[in-house]
Structure formats: C-alpha cells, structure tokens
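Peer 1: What follows is the residue order along each chain.
There are 2 protein chains.
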Amino acid sequence: MDKKELRKAGLKVTVPRIKILQFLEHSKNRHHSAEEIYRHLLDAGEDVGLATVYRVLTQFETAGIVKRHNFASEHSVFELDRGEHHDHLVCVECGKVEEFLDPIIEKHQHLVAESKGFTMTDHALNIYGLCGRCQVK
Amino acid sequence: MDKKELRKAGLKVTVPRIKILQFLEHSKNRHHSAEEIYRHLLDAGEDVGLATVYRVLTQFETAGIVKRHNFASEHSVFELDRGEHHDHLVCVECGKVEEFLDPIIEKHQHLVAESKGFTMTDHALNIYGLCGRCQVK
DNA sequence: GTCCGTGCAAAGGATTTGCATAATC
DNA sequence: GATTATGCAAATCCTTTGCACGGAC
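Chains as they are written, first to last, in this note's numbering: chain A, 1 to 137; chain B, 1 to 137.
Just so you know, the hints here were simulated from the structure itself, not pulled from any lab data.
Check the hints yourself; a few may be wrong.
Pairs count within a copy or across copies, as identical chains cannot be separated in the list.
Here are the simulated lysine to aspartate or glutamate pairs, DMTMM-like style, with alpha carbons at most 20 Å apart [claimed, not checked]:
id: 1; residue 1: K28; residue 2: E79
id: 2; residue 1: K67; residue 2: E106
id: 3; residue 1: K96; residue 2: E25
id: 4; residue 1: K116; residue 2: D43
id: 5; residue 1: K107; residue 2: E93
id: 6; residue 1: K96; residue 2: E114
id: 7; residue 1: K116; residue 2: E106
id: 8; residue 1: K96; residue 2: D122
id: 9; residue 1: K8; residue 2: E74
id: 10; residue 1: K137; residue 2: E114
id: 11; residue 1: K8; residue 2: E106
id: 12; residue 1: K3; residue 2: E106
id: 13; residue 1: K116; residue 2: E93
Make the full structure from the sequences, and use the hints.
Peer 2: In structure tokens:
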C-alpha cells in the first residue's frame, strides 16, 4: 500500500510520488538513476518533469524511503530502503549491481573506526569489477 | 625529482605540472580538491587556470601518478598514488581524511567478489564519521 | 478555499572542451 | 620551428530552484 507509506512519511499522496514508489518497488533492478525513472514514467504515459523526479527522490531520501548512492562518480542511483544494510558490487561494463553483506567486513569497519578515534556514522563499500557475463565477452 | 617523474610518465615538463606535483608531495594533507590546488597555486603567485588544474590531474590519473576519489559525492579529491593501496576514514564534520588498511577486510572483499562470479578490478571503502576532535564539540 | 506539489525553464556547481596564444623540446 | 600545453570563456552534465498554475485535502 503505497498511499499509506506516503502518508506515514508525512507526504501528500500525489501521482508522481505513487508512480515513482511503485516503479522502485516492482522493477526488476533495484538501483535506478533519476533519468531512468523519468524515462520509465514518460514511457508509461505519465506527464512528469525530471525536476519532479529529483524532488520526489530527495523527499523520499529524507523520509528514509529511499537510499542514494554515488557509485563510479557521475550520477546518483536510488534504491528503496528496506532497512537492511548492504554493500554493493558494481559491474564496470554493464552497470549491473549486486548486493552483499559480509559480517566480518562490517565488524572490522567498526574496529577500524574505533582504533582511529572516529564515531562511525555511515560507510560505503563498493567493489567494482566484471560480472560473470561480461568476463566472457 | 619531479621532472624525472613527469618525463617517465611521458609528459612534458611544464610549470603547472611541476607545481601541482610539488604541492601534492609536500602538503600536509594528502587529499585535495582541484579547487584547493588551484587556490594554492594562485596564492603562491602562479598564473594558472582551473581548467589546467583539472587537465593536469586527469593526465596524472591516467599516468598513475594520482588517484581520484569521490567521497561524499560533490567534488572529487586527489591524492598522490604511492602504489600502496589503502581505504579512507572521512570526518563528516571537518573533512579530515585518515587512511587505513585492514588485511581481513581486503581478503573478504576478494571472497565476496569471487562468490558472486565477479572479477574485481577495484574497490572503494569509505567510512564516514566524526573524528575525535569533532566529537568533543 | 488554502496550501502544497508540479511542470517548465532558467540557474547552479563541478568538470570539460574549443580556440588562439605561448611554452617545451 | 613543430608540436603540445595553457588560459580564458563557453559548453556540458547532473541536479536544484523560481515561479505561476493545478491538484490534494
């Protein structure tokens, strides 16, 4: 129920917000750029502006509905925030994104931060490489 | 000997290239944005353009003299590439950057990539937090 | 009806590029 | 002297903002 989720976040229920939320929930790939989401909505016959997509995504990020990532610099990609933390494996060839969680890495990150006197607030681990399919080519 | 290093990289020895290399070698902080480098050169009385700083840094990156990082999105920062890999701890308050290397994390990153069928080409682990000094404030 | 959200176009910041001039080899 | 590098200004890419109109409550 997308409407509920929006209301819970204190956001009015509007067409762009619902459509963007639905796309993020139902699309096969979980990571999308604002441009991709915008294109998808246009293709689906929605009359929406790219600026609105950015605005909605930013609101979603603030509300904790969405996470923003900056992989290989360039543009940001967004994914639904399901609460469970994970890191990313990104194929440098086709852009495919895989998620993973390694408890030992997680633990050691905390140890490292601690040993340097830092209070860790967040971390981003991105592994770049060639996915199985792109290695063959 | 900066001139030698430039020639070795197949780059002509020019004033901007030498000055940028010297700054990266001798500055206390090892991580700098293009803007910072540009400002420093201007303050030192050099007549240089920001575009040249970007061009030189990109050439240095290609030549393996410099590494480019994209921490909290926004702008890139550059550091001299000394060959030895390391990851980064970034203070979200003051921007201070600490380097670290954790063999167990390194090893597990390879294991993760392998288990997903990826050939790892690179990785970036950034831990964000508050450094000791900023926690006190 | 009030207020917030939207589309459009214009602005914004970081980085790149085109071009004539100036420097390196 | 030929070629490559530079500075400047304009262009580009992604993203944000200003504004008048339209929709949500």
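Peer 1: Are the hints correct? Go through all of them and say.
Peer 2: Okay, the hints, checked on the actual structure:
{"no.": "1", "hint": "K28 x E79", "in the structure": "within (12 Å within a copy, 38 Å between copies)"}
{"no.": "2", "hint": "K67 x E106", "in the structure": "within (19 Å within a copy, 25 Å between copies)"}
{"no.": "3", "hint": "K96 x E25", "in the structure": "within (18 Å within a copy, 37 Å between copies)"}
{"no.": "4", "hint": "K116 x D43", "in the structure": "neither (50 Å within a copy, 33 Å between copies)"}
{"no.": "5", "hint": "K107 x E93", "in the structure": "neither (30 Å within a copy, 23 Å between copies)"}
{"no.": "6", "hint": "K96 x E114", "in the structure": "between (33 Å within a copy, 16 Å between copies)"}
{"no.": "7", "hint": "K116 x E106", "in the structure": "both (16 Å within a copy, 18 Å between copies)"}
{"no.": "8", "hint": "K96 x D122", "in the structure": "between (23 Å within a copy, 15 Å between copies)"}
{"no.": "9", "hint": "K8 x E74", "in the structure": "neither (32 Å within a copy, 30 Å between copies)"}
{"no.": "10", "hint": "K137 x E114", "in the structure": "between (43 Å within a copy, 18 Å between copies)"}
{"no.": "11", "hint": "K8 x E106", "in the structure": "neither (31 Å within a copy, 41 Å between copies)"}
{"no.": "12", "hint": "K3 x E106", "in the structure": "neither (34 Å within a copy, 43 Å between copies)"}
{"no.": "13", "hint": "K116 x E93", "in the structure": "between (36 Å within a copy, 15 Å between copies)"}
Of the hints listed earlier, those the structure fails to meet are numbers 4, 5, 9, 11 and 12, in rising order.
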